[in-house]
Amino acid sequence: MAHADEAALFNKDESKVDWHDKALWFVRQKRDKSAHKVKGWETLRDLASAIKANVMSNLDNYLVQFEENAQKNGVTVHWAADAEEHNKIVHSILQQTNVKKVVKSKSMLTEECHLNPYLEANGIEVVDTDLGERIVQLAKEVPSHIVLPAIHKTKEEVDVLFQKHLGTKPSNGDPQYLTNEARKHLRDKFLKADAAITGVNFAVADTGGIVVCTNEGNADMGAHLAKVHIACMGMEKLIPQEKHLGIFLRLLARSATGQPITTYSSHFNKPAPGTEMHIVIVDNGRTEQLNREDFRASLHCIRCGACMNTCPIYRRSGGHSYKATIPGPIGSILSPGKDLTKHSDLPFASTLCGSCSDVCPVKINIHEQLYKWRQVIVKDVPQPVVKKTVLKIAGRVLANSKMYGFAGKSARFILKHAPRFVTYSKFNAWGEARDLPEVKDDNFDTWYKKRQKHE
Amino acid sequence: MKVGLFIPCYINQLYPQVGIATLELLEKLGVDVDYPMGQTCCGQPLGNSGYEDDSKGICQLFVENFKTYDYIVGPSGSCVYHVKKHFDILEQTEDVKRVRKNTYELCQFIHDVLGKTHLGASFPYKVGIHKSCHGLRGLRLGSCSERMDTHYSTEEDLLKNVKGLELKTLKRVDECCGFGGTFSVFEEAISVKMGNDRIRDHIDSDVQVITGADHSCLMHLEGLINRNKQPLKVMHIAEILNSSI
Numbered sequence: 001m002a003h004a005d006e007a008a009l010f011n012k013d014e015s016k017v018d019w020h021d022k023a024l025w026f027v028r029q030k031r032d033k034s035a036h037k038v039k040g041w042e043t044l045r046d047l048a049s050a051i052k053a054n055v056m057s058n059l060d061n062y063l064v065q066f067e068e069n070a071q072k073n074g075v076t077v078h079w080a081a082d083a084e085e086h087n088k089i090v091h092s093i094l095q096q097t098n099v100k101k102v103v104k105s106k107s108m109l110t111e112e113c114h115l116n117p118y119l120e121a122n123g124i125e126v127v128d129t130d131l132g133e134r135i136v137q138l139a140k141e142v143p144s145h146i147v148l149p150a151i152h153k154t155k156e157e158v159d160v161l162f163q164k165h166l167g168t169k170p171s172n173g174d175p176q177y178l179t180n181e182a183r184k185h186l187r188d189k190f191l192k193a194d195a196a197i198t199g200v201n202f203a204v205a206d207t208g209g210i211v212v213c214t215n216e217g218n219a220d221m222g223a224h225l226a227k228v229h230i231a232c233m234g235m236e237k238l239i240p241q242e243k244h245l246g247i248f249l250r251l252l253a254r255s256a257t258g259q260p261i262t263t264y265s266s267h268f269n270k271p272a273p274g275t276e277m278h279i280v281i282v283d284n285g286r287t288e289q290l291n292r293e294d295f296r297a298s299l300h301c302i303r304c305g306a307c308m309n310t311c312p313i314y315r316r317s318g319g320h321s322y323k324a325t326i327p328g329p330i331g332s333i334l335s336p337g338k339d340l341t342k343h344s345d346l347p348f349a350s351t352l353c354g355s356c357s358d359v360c361p362v363k364i365n366i367h368e369q370l371y372k373w374r375q376v377i378v379k380d381v382p383q384p385v386v387k388k389t390v391l392k393i394a395g396r397v398l399a400n401s402k403m404y405g406f407a408g409k410s411a412r413f414i415l416k417h418a419p420r421f422v423t424y425s426k427f428n429a430w431g432e433a434r435d436l437p438e439v440k441d442d443n444f445d446t447w448y449k450k451r452q453k454h455e
Numbered sequence: 001m002k003v004g005l006f007i008p009c010y011i012n013q014l015y016p017q018v019g020i021a022t023l024e025l026l027e028k029l030g031v032d033v034d035y036p037m038g039q040t041c042c043g044q045p046l047g048n049s050g051y052e053d054d055s056k057g058i059c060q061l062f063v064e065n066f067k068t069y070d071y072i073v074g075p076s077g078s079c080v081y082h083v084k085k086h087f088d089i090l091e092q093t094e095d096v097k098r099v100r101k102n103t104y105e106l107c108q109f110i111h112d113v114l115g116k117t118h119l120g121a122s123f124p125y126k127v128g129i130h131k132s133c134h135g136l137r138g139l140r141l142g143s144c145s146e147r148m149d150t151h152y153s154t155e156e157d158l159l160k161n162v163k164g165l166e167l168k169t170l171k172r173v174d175e176c177c178g179f180g181g182t183f184s185v186f187e188e189a190i191s192v193k194m195g196n197d198r199i200r201d202h203i204d205s206d207v208q209v210i211t212g213a214d215h216s217c218l219m220h221l222e223g224l225i226n227r228n229k230q231p232l233k234v235m236h237i238a239e240i241l242n243s244s245i
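One line per chain: the protein sequences are A and B, in this order.
Per the UniProt record's numbering, the first sequence starts with residue 1, numbered consecutively.
Per the UniProt record's numbering, the second sequence starts with residue 1, numbered consecutively.
Worth flagging that the hints you see were computed from the coordinates, not collected in a lab.
Treat each hint with caution, since some may be false.
Calculated pairs, DSS-like style, for lysine-lysine (alpha carbon to alpha carbon, straight line, at most 30 Å) [said to hold, decoys possible]: (1) Lys171(B) x Lys229(B); (2) Lys67(B) x Lys22(A); (3) Lys153(A) x Lys22(A); (4) Lys233(B) x Lys28(B); (5) Lys416(A) x Lys440(A); (6) Lys338(A) x Lys85(B); (7) Lys372(A) x Lys67(B); (8) Lys416(A) x Lys229(B); (9) Lys409(A) x Lys171(B); (10) Lys372(A) x Lys100(A); (11) Lys33(A) x Lys126(B); (12) Lys56(B) x Lys402(A); (13) Lys67(B) x Lys450(A); (14) Lys164(A) x Lys140(A); (15) Lys372(A) x Lys56(B); (16) Lys56(B) x Lys387(A).
Residues from chain A that face chain B, not an exhaustive set, calculated with beta carbons under 10 Å [stated by the list, open to error]: (17) Gln71; (18) Asn122; (19) Glu125; (20) Pro312; (21) Ile313; (22) Cys356; (23) Asp358; (24) Lys402; (25) Ala411; (26) Leu415; (27) Glu432; (28) Ala433; (29) Tyr448.
Ideal placement from N, C-alpha and C gives every residue a C-beta, glycine not left out.
Using the sequences provided together with the hints, build the complete structure.
Written as structure tokens, this is what we have:
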């Protein structure tokens, strides 16, 4: 089902839409307040954007430098061309180290690669330890937001879910009780896990270290308790030097949730004595995107989710309506690069309002890329005949003053004189909830000509 | 200084009163205005739908119609933005470059080029501004809520000097109304919901008249208001700045 249909379905329950909209708008407002407190916020954005542009232009060198330094630190580095290879690599590490139970902290990359079902099919237990991710995992769903994976669920829904899976008592959605129960449940999983998988927020080329940002400390808890730590990263996650974290860490949490910094910014540089540390660097379509000049900057994304919180469409259609691992505006410019036909509706799920580009901490020109994808899509993906024909004819008519004059007159005549059941038929989506403008006797052209005569 | 008046197609056909107010206002301010006959559209409906290539003839006609003027002024932020931003699909001749550079949205022209903010208008009503996205984030008619710049607003500067006008502050000062051109029909459910949410904000903020510098957004909001028989009037900012009630 296309985004518009999913969105229409989501809008059947208006009170839920309002709730979803307000919850995310609250986060956007928190972000505004916290960004206002930083003197030179716009300069930070400029710097972050420039650093990322530098990384993309020199990605080959930075990747090699990162690998060398990580290896020097005693970390094993793996390269995966695509999702399948990534999953195989992770599985083979787990097999070699005889791991049966895995705890995983938040990683959109492993969602993108569908790692969980792959490992589960191979007899390995994977427990997502981020609270939001655990909620969607128990509900057998996918995250609807990259920072707030369960934002589509009310606390009452979580209450029911926990009763079923964790054996909690009905609590009317008491957040403190439910969080505490989740904590106990996860504590047990942490203690029994043989390996921890984490994502990577930043990979520092000149140290070979990685930084993982969480609010729950679950990445640390997992990585410190288990004997094997596997960090999975998209190859665009690099930054040149450690000092650049001073820019990115300040931008990331403020943009994401309005916090000055995430509760935990964990630096992993080398394995602790007696443990193993692996880093899997994944391409999975990123080289191809890097090759597309108009869409290259989409790889600057640091996954803060601010474009989702600000997007008036995302807030009113829910993350699942995008049918992509990364929903919302940034997902709508990333996903078509992976599968143009499947995701061809997404660049149109926008009014091009531009709020996403102005909120983005690394200044990705998201709405301009949405416009560009539209130009690509109508050429490469078959379009609805009516839409295509109408627009192509419009192109001819509007390029010709006389034809335009005639068309304008005819349309105004029809609007003015046709009976209501004709103008407000099922073919007129505009008229389902909106009135058409009232047609005046003269258009501006005619009025102007009359005025010229009288002068 | 010779100004070519650009009246976007939908204003020409459906909202002649907006075109009239624009012309009268500019003349009142002492501007030498000419309306080139034979103008059609800026090509935006095609570009935004992905059919930019099919709009080249439209864009070229626009340049032909307006190439001799010092300034080109129109009462629609998104159309002006389209000329400035998306006429990059044409070969960049001197004419094309000049037209792109000299095309202005009405408020911006009055505020920045003429340098005027006191226009002698009076309008004794409570007014809420709908800050249309392409004007705001495309043409930068004002500061937007996402960026941490100093606050400014071209429309506010002009409306604050209208006698009797009381400017109301909204809860969400610059959220999109959901029009978005063909988005309004292809994503009908969200478009309508976004529009209704904007209208609710204006009603809750005690607004009597919604105004803005882009009548396409206002057309969408007006369509909803009329259907739902809500106690709000919709007027283009040119109509307010040109009124002497």
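A quick look at each hint next to the structure:
A C-alpha spacing of about 22 Å is found between Lys171(B) and Lys229(B), which places the hinted pair at or below 30 Å, so the restraint holds. Simply put, Lys67(B) and Lys22(A) have alpha-carbon atoms about 47 Å apart, too far for the 30 Å limit, and the pair is violated. A distance of roughly 13 Å separates the Cα atoms of Lys153(A) and Lys22(A); the hinted pair therefore holds under the 30 Å criterion. Taken as a hint, the Lys233(B) and Lys28(B) pair is honoured in the structure, with Cα atoms around 25 Å apart against an allowance of 30 Å.
Between Lys416(A) and Lys440(A) the CA atoms are separated by roughly 8 Å; this keeps the pair inside 30 Å, and the hint holds. Annotation: proposed proximity of Lys338(A) to Lys85(B) holds, straight-line Cα distance about 28 Å (limit 30 Å). Between Lys372(A) and Lys67(B), the direct Cα distance comes to roughly 27 Å. Compliance with the 30 Å bound is thereby established for this hinted pair. A C-alpha spacing of about 20 Å is found between Lys416(A) and Lys229(B), which places the hinted pair at or below 30 Å, so the restraint holds.
Distance restraint check for Lys409(A) and Lys171(B): the Cα-Cα separation of roughly 41 Å exceeds the 30 Å cut-off, and the hinted pair is therefore not satisfied. Between Lys372(A) and Lys100(A) the alpha-carbon distance is near 46 Å, which puts this suggested pair outside the 30 Å criterion. Only pairs whose Cα atoms come within 30 Å are accepted, and Lys33(A) paired with Lys126(B) is accepted, the gap being roughly 28 Å. At roughly 17 Å between alpha-carbon atoms, Lys56(B) and Lys402(A) fall within 30 Å of each other, so this suggested pair holds.
A hinted pair counts as satisfied when its Cα atoms are at most 30 Å apart, and Lys67(B) with Lys450(A) qualifies at roughly 25 Å. With a C-alpha separation of about 13 Å, the suggested pairing of Lys164(A) with Lys140(A) holds against the 30 Å cut-off. A distance of roughly 16 Å separates the Cα atoms of Lys372(A) and Lys56(B); the hinted pair therefore holds under the 30 Å criterion. Annotation: proposed proximity of Lys56(B) to Lys387(A) holds, straight-line Cα distance about 18 Å (limit 30 Å).
Hint status for Gln71(A) relative to chain B: violated, with the closest Cβ pair at about 41 Å, above 10 Å. Because the smallest distance between the Cβ of Asn122(A) and any Cβ of chain B comes to about 41 Å, over 10 Å, the interface hint for this residue is violated. Restraint check, Glu125(A) versus chain B: the minimum CB separation of about 40 Å is more than 10 Å; hint violated. For Pro312(A), the shortest C-beta to C-beta distance to chain B is roughly 5 Å, which falls under 10 Å, so the interface hint holds.
Interface hint at Ile313(A): satisfied, since its Cβ lies 5 Å from the closest Cβ of chain B, which is below the 10 Å cut-off. With its C-beta approaching chain B no nearer than about 9 Å, Cys356(A) sits inside the 10 Å limit, and its interface hint holds. The interface hint given for Asp358(A) is met, as the beta carbon of that residue sits about 4 Å from the closest beta carbon of chain B, less than 10 Å. Proximity of Lys402(A) to chain B holds as hinted, the smallest CB-CB distance being about 8 Å (cut-off 10 Å).
Nearest Cβ of chain B to the Cβ of Ala411(A): about 7 Å, under the 10 Å cut. The hint holds. The closest approach between the C-beta of Leu415(A) and any C-beta of chain B is roughly 8 Å, which is under the 10 Å cut-off, so the hint is satisfied. With a cut of 10 Å, the hint placing Glu432(A) at the interface with chain B holds, because the nearest CB-to-CB distance is about 6 Å. The beta carbon of Ala433(A) comes within 4 Å of a beta carbon in chain B, closer than 10 Å, and the hint placing it at the interface holds.
Checking Tyr448(A) against chain B: minimum C-beta separation of about 5 Å stays under 10 Å; hint holds.
Figure legend: structure checked against the earlier numbered hints; hints not met, in rising order: 2, 9, 10, 17, 18, 19.
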